[in-house]
Amino acid sequence: ADDLTLQLKWVTQSQFAGYYVALDKGFYEEEDLNVTIQPGGPDIAPTQVIAGGGADVTVEWMPAALAAREKGLPLVNIAQPFKSSGMMLTCRKDTGIASPDDFAGKTLGVWFFGNEFPFLSWMSKLGLSTEGGDEGVTVLKQGFNVDPILQGQADCVSTMTYNEYWQIIDAGLTPDDLVVFKYEDQGVATLEDGLYVLEEKLADPAEVDKLVRFVRASMKGWKYAEENPDEAAMIVLDNDATGAQTEEHQKRMMGEIAKLTAGSNGALDPADYERTVESLLSGGSDPVITKAPEGAWTHDITDAALN
Amino acid sequence: MKERPDVTKTPVIAARDLSLTFETNDGPVHALKDVTLDIEEGEFVSFIGPSGCGKTTFLRVIADLEQPTGGTITVNGQTPRQARLARAYGYVFQAAGLLPWRTIGRNIALPLEIIGLSKEEQAEKVAQVLDLVDLSGFDKKYPWQLSGGMQQRASIARALAFDADILLMDEPFGALDEIVRDHLNEQLLALWARTGKTIGFVTHSIPEAVYLSTKIVVMSPRPGRVTDVIESSLPKERPLDIRETPEFLEIAHRVREGLRAGHSYD
Amino acid sequence: MKERPDVTKTPVIAARDLSLTFETNDGPVHALKDVTLDIEEGEFVSFIGPSGCGKTTFLRVIADLEQPTGGTITVNGQTPRQARLARAYGYVFQAAGLLPWRTIGRNIALPLEIIGLSKEEQAEKVAQVLDLVDLSGFDKKYPWQLSGGMQQRASIARALAFDADILLMDEPFGALDEIVRDHLNEQLLALWARTGKTIGFVTHSIPEAVYLSTKIVVMSPRPGRVTDVIESSLPKERPLDIRETPEFLEIAHRVREGLRAGHSYD
Amino acid sequence: MNGLIILAALLFWLAAWAVNVRLSKNPDKPGRRIIVPVLFGIAIIVLWEGLVRGLEVKAVLLPPPSAIVVALGDKAGTLWIDFVQTFIKGALTGYAIGCGAAFLTAILIDRSPFLQRGLLPVGNFVAALPIIGMAPILVMWFGFDWQSKAAVVVVMCFFPMLVNTVQGLQQADPMSRDLMRTYGASYWQTLFKLRLPAAGPFIFNGLKICTTLALIGAIVAEFFGSPIKGMGFRISTEVGRLSLDMVWATIVVSALAGTAFYGVVTLLEKAATFWHPSQRR
Amino acid sequence: MSRFLSHALPILTVVALIVGLWYLAAIALNAPWARDQATRAGVDLSASELVADTWSQDKPKLPAPHQIATEIWETTAEKKITSKRSLVYHGWITLSATLLGFVFGAGFGILLAIGIVYNRAMDMSVMPWVIASQAIPILAIAPMIIVVLNAVGLSGLIPKAIISMYLSFFPVVVGMVKGLRSPDAMLIDQMRTYSASPAQTFWKLRFPSSVPYLFTSLKVAVAASLVGAIVGELPTGAVAGLGARLLAGSYYGQTIQIWSALISAAALAACLVGIVGLVERVVNKRMGFAR
Ligand SMILES: Nc1ncnc2c1ncn2[C@@H]1O[C@H](COP(=O)(O)OP(=O)(O)OP(=O)(O)O)[C@@H](O)[C@H]1O
Ligand SMILES: Nc1ncnc2c1ncn2[C@@H]1O[C@H](COP(=O)(O)OP(=O)(O)OP(=O)(O)O)[C@@H](O)[C@H]1O
Ligand SMILES: [Mg+2]
Ligand SMILES: [Mg+2]
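Residue numbers (this note's numbering), protein chains in the order written: chain P, 343 to 649; chain C, 4 to 269; chain A, 4 to 269; chain G, 2 to 282; chain B, 14 to 304.
In case anyone wonders, no lab produced these hints; they're calculated from the structure.
Bear in mind that the values here come from a model prediction, so they are computed numbers and not experimental data.
Hints should not be assumed to be uniformly reliable.
According to the in silico footprint, chain B covers these stretches of chain G (three or more CB under 8 Å from chain B) [what the hints assert, rightly or not]:
#1 90–96
#2 109–120
#3 172–180
#4 232–241
#5 259–265
Derived BS3-like pairs (lysine-lysine); straight-line CA-CA distance at most 27 Å [claimed, not checked]:
#6 A:Lys-122 / B:Lys-191
#7 P:Lys-543 / G:Lys-271
#8 P:Lys-543 / P:Lys-435
#9 B:Lys-72 / A:Lys-128
#10 P:Lys-565 / P:Lys-601
#11 C:Lys-143 / G:Lys-59
#12 B:Lys-92 / A:Lys-144
#13 G:Lys-59 / P:Lys-467
#14 A:Lys-143 / B:Lys-217
Idealized CB from N, CA, C, for every residue including glycine.
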């Protein structure tokens, strides 16, 4: 069997259920692949791992991948299992925020480490400075949890529909206490969780063949996970080495993830790509990327895998 | 303390059946046992005896640095503690024990600061005692810039500056070479003659004990006891070469015999 | 080394115009200046002089622990370095310097291990020298379980075990009380008489120097020079009370005068 | 070509070493104590540059020193803001509060041997703990700005300093204490004239240990949440953006700051405990 | 018994004091949330209810000691040690990296110290950089170390051990340099008069003299190793180990889990230091240092 290492963007959770299902159900094996899944974490830059040769394929968000490409690391999107973005900004109602117009003078929690790009382009679209003051917004580098909103250190925090939002609910706040702004609704959504490889891999037919089989099996895993969310969640739980995840949380996450993968058969929609690039280019004084990238995606793999 | 004997001249230090036992891991150590001794005002008393016989311990009991476990001791008719708080003692330890972060001058001024003298009084006193021990001009030096002998002299100067009536000295000249020692012995005698202080002096050297003292207390160890008290018949005026006179040699001989009895050799 | 004078008996140690200057922060220190001295085989030579006059330095030059900056010195007709590599010296330092992690026995065996004796030879030698210094039965004890005097004796035993022809001792008895010191002096004399070693001995004590030596070298400081060399007229056989004889007192007097000249007092 | 670069770098390194060996024969000549380590550092940097270029290591893994120097120059403004945020506000404040509190605590418990006997082992134990693990908790308690970083530093510095001070206060030798007793000196006189000066070397030892702890604590705490400035923030963010040159520039600043901080405390120590044998020679 | 009283009693008192303060702090820190909840639910809390609530919240700001104790008990004694939910399992992962790093660090530190003591060029050039190296925030470069090592094919235990070594070699170098230089000049001169070889001087004099210093620094080093292993686990993707536990707990706001990982790490550190201390005592006894 051919060896292949997949680097995840974050810790083991239902966000990556498709890959774990494919592994657990033997879909990879059927394709004669021996896949190793490496969980990520707060200080892991998947792009750096792939640059160092620590992985063959990585799950990454498109803004980070394109930024890396501009830094000289030629990443190429070979598949896009996530159709929609799950990112949103969640605010407490009692702060008086009802629409993006109310952000000025407020404190917002944001993830960095490559995840800040969609937020920055949204703010520049709103014309808000991120340097604080009455006219701009004060930005906090949010940790790994939602404490800032619970403890009133931030008015809004970044959340994913499938994860942090539910942590806020679990902590005792009700949906009625909250206002959410989905990036999808604000027209600033960028493509999340795509599969990326280094350009040089695509020049080697043997590698391409391996990738085709990998994408095919992975998508099979995703579709299985969508249809059997509870089983998928349990598979993820079995693969969590920290033993920190709870069943309830993972099942709920799987339900939300299914909504994001629903529209995708695995192939990247060029229109989504164009919208993402446009949003990243419009980053005001400090755009995420300075010029439209060339050859940052390919349909070769998905075409071969899905037809 | 009531049983102070009725003598015409009250002794400055009066020990009656004084005992001190240290409790250690391997049993009690009888550092002092039934020591009875009077020291009159203005006497120069030497303590001599083999290592571990309790010389230091006795001095420390006098100075209220150690509590006796039996018997009584009075100093100026008071308890040692009262005498200490009344600042009755100057104490010279075996090692110089100068504070390394103070210059010689400020080391000597330390006790004066503590009793609260003014800066001028301190300076005057320091200059005076430095001269006494031949260290004028060294007051700005740090202890470690001086030789061992000079340090020891500074420590003596410190005790003198304190100017207490009772001066307790624990082998102050142990670390010095013979010539310096002779010189300081002379100085000490002169000082004693001039001030009339009561001096308790521990030494290992027989000639030194004989040369200096009006009374020599010979001690023996395990348990620490006084085995002999020798009143010196030498005159108060003592040039260095008195040490070659027959009287001197005789007293020295008696001390040596007393000492030898306490040793395991022979 | 060629200018060694033509004498009938070749001296074991021959120093000619030996000088040693230490370069320090505040200028050069002339620890030795133009020292010329012969030590014959089997002599017992004491070095006496005020602190800092270069006694230790001279011993160290002999033992190749310090390099002279001028003049020449030969040991057994060789350079000190050759003599050291030929293991010609036993050296007793001022402090006992026993290794705390070795028992007394193993401390004494250390030099024997280094020269590569077999275990049996080591054991035999150790037992022999322990007996010599009255420490039989203490070989399994650790240094800190012994009194200061016993430690010093162990250190002497160690130097003896090494069994070199030249024994250099730097104030070996400085830390001991008079009685123990007398005893060890007797022992040392007996050992010397029996083995015929050449001994270089530093001391601060005039009686000790006179009692032990066949030759007394009096030194004076700044710069370190030899001011007097006194050949002793005392017989080889010396009971302790030889110290009260007129000859003894006379030699002692001459040493004291020589010493006093080197001091700033008087 | 690449082989040549590596070879040249290696040769330079060897040559520098040879020079150092010669220079260190006379360590007391003026300047030698500075020249030798600096030359060694330069040799390492040259070796690094040579290896990175020669082996064509990707800049997103390990940038060459030249790129780091460029970043240092270009981003000096940002680096300065980060430095103020993390070092001046976080580390220094925490250091002062932590060491100060520990010092006062040590003096407070000094009069109770009972408390000392209890606190010393516990303090030693806590000093050996992975206190860094408390960083996320303290960020949760004290908010995102520098106050929480200072809090982490306070916690990290407190126990090492406490243990050292308590130990230092026991340093005055019994003889000197007896001496003070014969003078009939009061507790405070003995404390100020004898025991505190005698404790100096230990107190400074604590202060020195705490310098590196303070810097590391302040930086690490920023990993668990921060405003958008600070050295820890910069490092974690720029790694995510693959700007490794900037990451290393920040690391250089941190190493310089830490070494300088240590150096300053060492100088103070030299001045204050000039009398201690370890400071002479 | 009296020995026990004079040694353990003060320590127990201090510990009891700390636990007491802890409970009080838990009330103070957790009360706002309890009140907040109560107001939203529209109920009034009596004082005793409030205290009870602050000591039993699910995600308290500061968990009460008994909550941590319960959590530790459940995750050690009541889980199979092979289970990924068992703290013993995670503790073991961290411990193995710690031990490996400690061995590397101690070995490297000793070698470096020997080099520094015997070679003046090394002393002058390396020592300042050894000090500077400790001013680099290790957590900052830990992720990069892991990626770079990954690139050369090292993963899993080794990168963590290397980070742990980075933290532990420093105290060993400092202690050993001091220790190897501790025999005074006289003893070294003495070896010269025996014309002993450098190796003989090392094994018979310098090394034994350095043993007390060695153990003191080993105690510091083993604790530093543990910190290193934990730090090394943070960026390895929160896979396993106490560090990962800490991180995962932090990620999900599970304060009880954070604290239990922290306390376990503390206990582990105490055990490691204790073991080194034990070895020290045995060695001291055999070398005759014990008095
Ligand atoms: N604090 C102590 N605890 C236990 N034993 C002690 C203590 N101080 C002294 N001793 C013991 O008491 C005895 C007398 O000691 P002391 O110091 O008075 O002797 P010394 O005559 O001054 O001897 P040296 O001439 O060696 O100074 C010795 O056996 C000593 O071991
Ligand atoms: N390593 C050194 N560096 C600089 N000066 C030194 C050194 N060793 C000794 N001296 C100086 O050389 C002089 C002679 O020293 P030495 O130790 O030989 O004296 P000594 O006669 O043995 O004195 P003591 O009786 O005090 O032992 C002294 O002035 C001393 O300060
Ligand atoms: Mg004594
Ligand atoms: Mg000397």
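Going down the list of hints, with the structure as the test:
| no. | hint | in the structure |
| --- | --- | --- |
| 1 | 90–96 | violated (count 0) |
| 2 | 109–120 | holds (count 6) |
| 3 | 172–180 | violated (count 0) |
| 4 | 232–241 | holds (count 5) |
| 5 | 259–265 | holds (count 4) |
| 6 | A:Lys-122 / B:Lys-191 | violated (33 Å) |
| 7 | P:Lys-543 / G:Lys-271 | violated (60 Å) |
| 8 | P:Lys-543 / P:Lys-435 | violated (49 Å) |
| 9 | B:Lys-72 / A:Lys-128 | violated (75 Å) |
| 10 | P:Lys-565 / P:Lys-601 | holds (12 Å) |
| 11 | C:Lys-143 / G:Lys-59 | violated (63 Å) |
| 12 | B:Lys-92 / A:Lys-144 | violated (53 Å) |
| 13 | G:Lys-59 / P:Lys-467 | violated (34 Å) |
| 14 | A:Lys-143 / B:Lys-217 | holds (18 Å) |
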